[in-house]
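K.L.:
Sequence:
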Amino acid sequence: MTSGVQIPTPRTLEGVDTCTLLQPDDLAGLGGVRGGPRRNQLYPESCLYRLGGAADDSAAAAFYKPFEQVKAQQPEGSPVLTKGHSTWLRCRADQGYQTCSAAIAVRPDRTLAVVLSRRDTPREKVVEALNQLAVTALERLPTT
1 MTSGVQIPTP RTLEGVDTCT LLQPDDLAGL GGVRGGPRRN QLYPESCLYR LGGAADDSAA
61 AAFYKPFEQV KAQQPEGSPV LTKGHSTWLR CRADQGYQTC SAAIAVRPDR TLAVVLSRRD
121 TPREKVVEAL NQLAVTALER LPTT
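Residue numbering for the sequence shown follows my numbering, starting at 1 and increasing by one per position.
Wrong hints could be hidden among the right ones.
As the list claims (entries may be wrong) - Using 20 Å as the maximum straight-line C-alpha spacing, the simulated EDC-like pairs for lysine to aspartate or glutamate come out as follows:
{"id": "1", "residue 1": "Lys65", "residue 2": "Glu76"}
{"id": "2", "residue 1": "Lys83", "residue 2": "Glu128"}
{"id": "3", "residue 1": "Lys65", "residue 2": "Glu45"}
{"id": "4", "residue 1": "Lys125", "residue 2": "Asp25"}
{"id": "5", "residue 1": "Lys125", "residue 2": "Glu14"}
{"id": "6", "residue 1": "Lys83", "residue 2": "Glu68"}
{"id": "7", "residue 1": "Lys65", "residue 2": "Asp17"}
{"id": "8", "residue 1": "Lys65", "residue 2": "Asp109"}
{"id": "9", "residue 1": "Lys83", "residue 2": "Glu139"}
{"id": "10", "residue 1": "Lys83", "residue 2": "Asp26"}
{"id": "11", "residue 1": "Lys125", "residue 2": "Asp17"}
{"id": "12", "residue 1": "Lys83", "residue 2": "Asp109"}
{"id": "13", "residue 1": "Lys65", "residue 2": "Glu14"}
{"id": "14", "residue 1": "Lys125", "residue 2": "Asp94"}
Claimed, not checked - So the derived label-pair ranges between C-beta atoms look like this:
{"id": "15", "residue 1": "Glu14", "residue 2": "Asp120", "range": "21 to 27 Å"}
{"id": "16", "residue 1": "Thr9", "residue 2": "Ser78", "range": "21 to 27 Å"}
{"id": "17", "residue 1": "Ala54", "residue 2": "Thr9", "range": "32 to 38 Å"}
{"id": "18", "residue 1": "Tyr43", "residue 2": "Pro8", "range": "22 to 28 Å"}
{"id": "19", "residue 1": "Arg38", "residue 2": "Asp94", "range": "31 to 37 Å"}
{"id": "20", "residue 1": "Lys65", "residue 2": "Thr9", "range": "31 to 37 Å"}
Hints in this document: simulated from the structure, not taken from any laboratory.
A virtual CB, placed ideally from N, CA and C, is assigned to each residue, including glycine.
Work out the full structure: start from the sequences and follow the hints.
P.N.:
Printed below as a string of structure tokens:
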């Protein structure tokens, strides 16, 4: 652990396919999945699912930057805990979409980022659904 970042159960990321961290069944209550998962060219260690509902409703899981770096780059976010792990929660509204991300400290050098974007949905509802997805994705990561 570094700088007070809580990582009670370190996880291994090697050999883990981010498309296994969220499954269509996990997303059924969010309108279901439209098509298969997609990779993002900018973030090769990511997996994006288009959701039923509005055109750009989506959920994603990715391996991301260290916790302290995410925190520094997203000053409008706030600290929360996910199963005891330090998590940086950030939400923003843009063109009718509420997009929230949770960057969960899983190793000193990496976070697990889970993102949910929904049109015409209150922030509280998006955060509630995101928390469930974040716990699910975190629990699917193998421990070290």
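K.L.:
Take the hints in turn and mark each one as holding or not.
P.N.:
Here is what the structure says about each hint:
no.: 1; hint: Lys65 to Glu76; result: 17 Å, holds
no.: 2; hint: Lys83 to Glu128; result: 14 Å, holds
no.: 3; hint: Lys65 to Glu45; result: 11 Å, holds
no.: 4; hint: Lys125 to Asp25; result: 19 Å, holds
no.: 5; hint: Lys125 to Glu14; result: 33 Å, violated
no.: 6; hint: Lys83 to Glu68; result: 18 Å, holds
no.: 7; hint: Lys65 to Asp17; result: 17 Å, holds
no.: 8; hint: Lys65 to Asp109; result: 7 Å, holds
no.: 9; hint: Lys83 to Glu139; result: 9 Å, holds
no.: 10; hint: Lys83 to Asp26; result: 18 Å, holds
no.: 11; hint: Lys125 to Asp17; result: 28 Å, violated
no.: 12; hint: Lys83 to Asp109; result: 19 Å, holds
no.: 13; hint: Lys65 to Glu14; result: 15 Å, holds
no.: 14; hint: Lys125 to Asp94; result: 16 Å, holds
no.: 15; hint: Glu14 to Asp120: 21 to 27 Å; result: 39 Å, violated
no.: 16; hint: Thr9 to Ser78: 21 to 27 Å; result: 22 Å, holds
no.: 17; hint: Ala54 to Thr9: 32 to 38 Å; result: 35 Å, holds
no.: 18; hint: Tyr43 to Pro8: 22 to 28 Å; result: 26 Å, holds
no.: 19; hint: Arg38 to Asp94: 31 to 37 Å; result: 20 Å, violated
no.: 20; hint: Lys65 to Thr9: 31 to 37 Å; result: 20 Å, violated
Checked against the numbered hints above, the structure violates hints 5, 11, 15, 19, 20; every other hint is satisfied.
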